[in-house]
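Visitor: Sequence:
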Amino acid sequence: MLPRQFPARKRQRRRRHPSRVPASALTIDFQFRRIAMRNMKFLTAAAASLALVGCGASLGTNTSMYSVHQPVVERTNYAIDLASDGSGISSAEQARLAEWFEALQLGYGDRVSIDYGGGYPSATTAQIVAAAAADRGVIIEKTAPVTQGQVSPGMLRVVVTRSKASVPSCPDWSTNREYNYNASNHSNYGCAINSNLAAMVADPEDLVRGRENGKLDSNSGKRAVDTYRTKTGGN
Numbered sequence: 001m002l003p004r005q006f007p008a009r010k011r012q013r014r015r016r017h018p019s020r021v022p023a024s025a026l027t028i029d030f031q032f033r034r035i036a037m038r039n040m041k042f043l044t045a046a047a048a049s050l051a052l053v054g055c056g057a058s059l060g061t062n063t064s065m066y067s068v069h070q071p072v073v074e075r076t077n078y079a080i081d082l083a084s085d086g087s088g089i090s091s092a093e094q095a096r097l098a099e100w101f102e103a104l105q106l107g108y109g110d111r112v113s114i115d116y117g118g119g120y121p122s123a124t125t126a127q128i129v130a131a132a133a134a135d136r137g138v139i140i141e142k143t144a145p146v147t148q149g150q151v152s153p154g155m156l157r158v159v160v161t162r163s164k165a166s167v168p169s170c171p172d173w174s175t176n177r178e179y180n181y182n183a184s185n186h187s188n189y190g191c192a193i194n195s196n197l198a199a200m201v202a203d204p205e206d207l208v209r210g211r212e213n214g215k216l217d218s219n220s221g222k223r224a225v226d227t228y229r230t231k232t233g234g235n
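Residues 1 to 235 in the working numbering are what the sequence shown lists, from first letter to last.
Hints were generated in silico from the structure; no laboratory data involved. Treat the hints loosely; a few may be bogus.
The list that follows gives simulated cross-link-like pairs (lysine-lysine, DSSO-like), each with its CA atoms no further than 27 Å apart [as the list claims (entries may be wrong)]:
(1) Lys164 x Lys142
(2) Lys142 x Lys222
(3) Lys164 x Lys222
Turn these sequences into a full structure, and let the hints guide you.
Guide: This is how it looks when you write it as structure tokens:
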């Protein structure tokens with residue numbers, strides 16, 4: 001007797017479904033990607049604009065033969081009030097004036113003037129002040145500048161005006177030579193010569209207005225030579 005045969009079972013293939021992701025996770029991932037792409041676009045645009053700004057800032061604009069850095073002259077007024085009796089200055093006040101000139105190191109390029117306030121000018125007083133200034137090679141000016149405060153009655157004010165020249169905009173290394181596409185001068189062009197000129201000029205006022213071709217004062221020239229030859233110390 002033959003054994004009982006059973007019909008073969010068909011193997012059912014199980015269909016594997018991918019793991020299901022929650023809808024909330026998909027939404028978060030999509031939002032994250034959108035934010036990342038937006039930030040990437042912003043960073044790219046910012047980098048491009050910074051590159052353009054950097055190139056534009058490094059380009060020079062001065063294509064002439066003149067420097068944009070010019071000497072600047074500043075004036076400073078120093079004043080001292082002295083007692084005057086109308087006929088001159090006492091010996092004690094003259095000593096004060098001489099010590100004041102010495103403390104200021106009065107010299108060539110300085111300007112000395114007298115402000116009588118509301119009083120009348122005195123020829124004797126002017127001669128005394130002029131002699132003290134002439135010992136240091138300085139000539140009295142005719143007009144005194146305006147200073148702070150009023151001159152008290154019975155007093156006169158001696159004013160020393162000192163000028164100083166400098167080039168405040170130097171040095172200037174703002175431009176880059178690697179991006180000189182318009183054949184312009186470097187930003188530091190002219191700083192060396194103008195700074196040296198401002199430092200070496202004897203009278204900074206000559207940089208503002210050239211000296212007039214007036215009459216030669218031999219006495220003033222002699223005093224300058226005598227001052228140069230006088231020994232100030234040492235051997």
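Visitor: Would you mind marking each hint as holding or not holding in the structure?
Guide: Each hint tested on the structure:
1. Lys164 x Lys142: holds, 21 Å
2. Lys142 x Lys222: At roughly 22 Å apart (the allowed maximum being 27 Å), Lys222 and Lys142 satisfy the hint.
3. Lys164 x Lys222: holds, 25 Å
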